[in-house]
Amino acid sequence: GNSVTQMEGPVTLSEEAFLTINCTYTATGYPSLFWYVQYPGEGLQLLLKATKADDKGSNKGFEATYRKETTSFHLEKGSVQVSDSAVYFCALSDKAAGNKLTFGGGTRVLVKP
Amino acid sequence: IAGITQAPTSQILAAGRRMTLRCTQDMRHNAMYWYRQDLGLGLRLIHYSNTAGTTGKGEVPDGYSVSRANTDDFPLTLASAVPSQTSVYFCASSDSMGGYTFGSGTRLTVV
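Residue numbers (the working numbering), protein chains in the order written: chain A, 1 to 113; chain B, 114 to 224.
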């Protein structure tokens, strides 16, 4: 079956530091890949997505590239802000599984001023 | 209403009691989902519905039931709550392109 593995947190950074959150996946088909963000007390919001190999998703300074050869979709941001403190979820959807989302365990990021 | 509305926002429930979590969407999305969120486990799919009148089991369906009488509503029922069902529950819907919208969640504590 499909699965997503992401690095465990919490990740604590200083403002303006570089952020990387690793994500790898296993899928039977050709999935679409997503990063969702959850701010404290809120639901999940789509941060970025990529639908095919070598696509790069980007939003709000965050980027992730769909790497089929390494089955990875690592999230990066060059200079984080305190407002980036949140929980980040890597996820995939697969047409063979009816487009249902499969999530990783989530990574809590705390950015200190 | 804009997007997905979940109710209640939070609830403390005695073990053995019956509870229905409500979910309503106004986007006319065909597909709807219930997930539970537990620390370190991410979100796990409980039940889903691809269209009104149909439902299916997700990854962790035991102890839960759903119904989909119309497009807008997708209630989740715990027939007899147990402490292991303490969690945060998220309802979601998706459009024909697979774009998901999530509700703000219901925090449930079973004591």
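Treat the hints as calculated values from the structure; they're not laboratory data. Quick reminder that beta carbons are idealized off the backbone N, C-alpha and C, glycines included. Take these hints with a grain of salt, some might be off.
Anything over 10 Å on all C-beta distances counts as not near chain A; from chain B, calculated [to be verified]: (1) Ile117; (2) Thr133; (3) Leu154; (4) Leu156; (5) Gly171; (6) Pro174; (7) Arg181; (8) Ala182; (9) Ser197; (10) Thr199; (11) Gly218; (12) Leu221; (13) Thr222; (14) Val224.
Computed, partial: chain A to chain B, Cβ under 10 Å [as the list claims (entries may be wrong)]: (15) Thr20; (16) Thr24; (17) Gln45.
With beta-carbon atoms standing in for the labels, derived distance ranges [unchecked claim]: (18) A:Glu8 - B:Ile125: 27 to 33 Å; (19) A:Ser14 - B:Ser193: 21 to 27 Å; (20) A:Gly61 - B:Ser193: 44 to 50 Å; (21) A:Gly29 - B:Met140: 22 to 28 Å.
How the hints compare with the structure:
| no. | hint | verdict |
| --- | --- | --- |
| 1 | Ile117 | violated (8 Å) |
| 2 | Thr133 | holds (19 Å) |
| 3 | Leu154 | violated (6 Å) |
| 4 | Leu156 | violated (4 Å) |
| 5 | Gly171 | violated (7 Å) |
| 6 | Pro174 | holds (13 Å) |
| 7 | Arg181 | holds (15 Å) |
| 8 | Ala182 | holds (21 Å) |
| 9 | Ser197 | holds (18 Å) |
| 10 | Thr199 | holds (17 Å) |
| 11 | Gly218 | violated (5 Å) |
| 12 | Leu221 | holds (15 Å) |
| 13 | Thr222 | holds (16 Å) |
| 14 | Val224 | holds (22 Å) |
| 15 | Thr20 | violated (19 Å) |
| 16 | Thr24 | violated (14 Å) |
| 17 | Gln45 | holds (7 Å) |
| 18 | A:Glu8 - B:Ile125: 27 to 33 Å | holds (29 Å) |
| 19 | A:Ser14 - B:Ser193: 21 to 27 Å | violated (49 Å) |
| 20 | A:Gly61 - B:Ser193: 44 to 50 Å | holds (47 Å) |
| 21 | A:Gly29 - B:Met140: 22 to 28 Å | holds (27 Å) |
The structure does not agree with the numbered hints 1, 3, 4, 5, 11, 15, 16, 19 stated previously, though it agrees with the rest.
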